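Trainee: Quick note: the sequence shown uses the UniProt record's numbering, first residue 1, plus one each step.
Derived from the structure by calculation, the hints contain no laboratory data.
Just so you know, these numbers come straight off a predicted model, no measurement behind them.
Treat the hints with caution; some may be incorrect.
[To be verified] For lysine-lysine, the following BS3-like pairs were computed, each having C-alpha atoms within a straight-line distance of at most 30 Å: (1) Lys234 / Lys133; (2) Lys140 / Lys208; (3) Lys208 / Lys234; (4) Lys292 / Lys196; (5) Lys190 / Lys251; (6) Lys218 / Lys182; (7) Lys208 / Lys218; (8) Lys189 / Lys251; (9) Lys182 / Lys63; (10) Lys196 / Lys218; (11) Lys187 / Lys133; (12) Lys133 / Lys292; (13) Lys182 / Lys208; (14) Lys218 / Lys234; (15) Lys234 / Lys187; (16) Lys133 / Lys208; (17) Lys208 / Lys251; (18) Lys140 / Lys190; (19) Lys251 / Lys196; (20) Lys140 / Lys187; (21) Lys63 / Lys84; (22) Lys140 / Lys84; (23) Lys218 / Lys251; (24) Lys196 / Lys182; (25) Lys140 / Lys292; (26) Lys182 / Lys234; (27) Lys251 / Lys234; (28) Lys234 / Lys190; (29) Lys234 / Lys189; (30) Lys133 / Lys190; (31) Lys84 / Lys234; (32) Lys133 / Lys218; (33) Lys140 / Lys182; (34) Lys182 / Lys251.
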Amino acid sequence: MPIASVVSASGGAGKTTLALLLGYYVATHAGDPRSVLLVDLDPTAGLSLRAFGDEGYVELCRKRKSLYHLDLDWTQGVAVDVDKYAERPGSAAPAISNVAILPPGEDESGDMASRVDDWFRFGDRERLLRLLKESHALEKYNYVIVDTAPFFDVRYSIAAIAASDVVLIPLRPTVTDLVRTKRMVEKLKKAGITNKPILFIFNYDKDKFRQATATLVKLGFYVYKHGGTAQVQKRLMALIEDLGRYGQFAKAVLPHIKQLSDSEFPANKIPEGDLYTCPAMAEIFRHLAPDKTPDCPAHYEEE
C-alpha cells in the first residue's frame, strides 16, 4: 500500500496543488476513488480549506473529524478508526468528491502544531505512521498521500517522510528553489530520513520563466508548448544536475494552470487536466503505482 509524502523547501512551490492533483489522478486512474486518503499534515490546513472551504473546515473541527482529534483520542487509549476522523468533500469538491481527507484540526485546547510539538518532544518522529496503522488506514485505503507544511519547520517533513514509501518534491526552476531544495535534502539526510526514493517535479508558469524553460528543454525535460527560445542559464543547469545526485527528476514539467491554483480547487472538474498534467502525473505513477500509470492523450505535440 503506497504512501507518498509531498514536501517542499519553499512556500508557493505548488506542494498542496500537487497533493490534490495526485489525489484526483489516483482516484480517477487507480480503481476505486474511495480507496484514496489525503492526509493534511499542515497546521494551516491549506489543503483542507481548498477542499471543504472555510466554514466546512471549521465544522469538521467542531465534529472532531481531524488528525488532531485522532491523535488526542489514541493518546488517551481510545480505539481509533480513521473513517471516524476523515471526511469526503462531496459536492464541495466534485473532482475529488469520494476521496477521503484527514484534516489537521484544531480546537480551543490546541491544534496540530501542538501535537507535533509533543511528538518530537518525546522523540516520536514515526508517530504519523503509527497513527495510520493503529487507525486501520493502511488496511482501508490503497493509497495515502500526505501534504505537509513548508520546510521552515522540518518536523512536519520528517514525520511525513518517515511514514512514506516515496517522497515527492515540487519546485520552481529558480536558483533560490534549487539551493533551498538541496539544503533541505541534506538536512533530511543528516536526520537519517532520506532513505526513501525522491522524485523532484518542476511546477511553474513557463511564460514567466523563459530562460529556465530553455534550460530545462536543453536538459531533456518535456515542457508542453514551451515555444520560442531563450538563452540557457548555465548556473541553473549546474544546480539541476547537482540536485540530481539526491533523487530523480520527473522529466515532464507540471505546467501552471490558473484553475488548479485557485483557492477553491478542485471545486470543478479539472479543465484540460489530462492534456496538460498527464505526462508529469504518469511519471509519478511509475514510482507510486506502476501498474496504474495513466495513458496520456495521443495528441501531445512533439517538441
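Trainee: Would you mind marking each hint as holding or not holding in the structure?
Mentor: Checked hints:
no. : hint            : result
1   : Lys234 / Lys133 : 46 Å, violated
2   : Lys140 / Lys208 : 42 Å, violated
3   : Lys208 / Lys234 : 18 Å, holds
4   : Lys292 / Lys196 : 21 Å, holds
5   : Lys190 / Lys251 : 27 Å, holds
6   : Lys218 / Lys182 : 21 Å, holds
7   : Lys208 / Lys218 : 18 Å, holds
8   : Lys189 / Lys251 : 24 Å, holds
9   : Lys182 / Lys63  : 40 Å, violated
10  : Lys196 / Lys218 : 28 Å, holds
11  : Lys187 / Lys133 : 27 Å, holds
12  : Lys133 / Lys292 : 24 Å, holds
13  : Lys182 / Lys208 : 23 Å, holds
14  : Lys218 / Lys234 : 11 Å, holds
15  : Lys234 / Lys187 : 26 Å, holds
16  : Lys133 / Lys208 : 43 Å, violated
17  : Lys208 / Lys251 : 19 Å, holds
18  : Lys140 / Lys190 : 34 Å, violated
19  : Lys251 / Lys196 : 19 Å, holds
20  : Lys140 / Lys187 : 33 Å, violated
21  : Lys63 / Lys84   : 10 Å, holds
22  : Lys140 / Lys84  : 12 Å, holds
23  : Lys218 / Lys251 : 12 Å, holds
24  : Lys196 / Lys182 : 16 Å, holds
25  : Lys140 / Lys292 : 19 Å, holds
26  : Lys182 / Lys234 : 17 Å, holds
27  : Lys251 / Lys234 : 19 Å, holds
28  : Lys234 / Lys190 : 29 Å, holds
29  : Lys234 / Lys189 : 27 Å, holds
30  : Lys133 / Lys190 : 27 Å, holds
31  : Lys84 / Lys234  : 52 Å, violated
32  : Lys133 / Lys218 : 44 Å, violated
33  : Lys140 / Lys182 : 35 Å, violated
34  : Lys182 / Lys251 : 18 Å, holds
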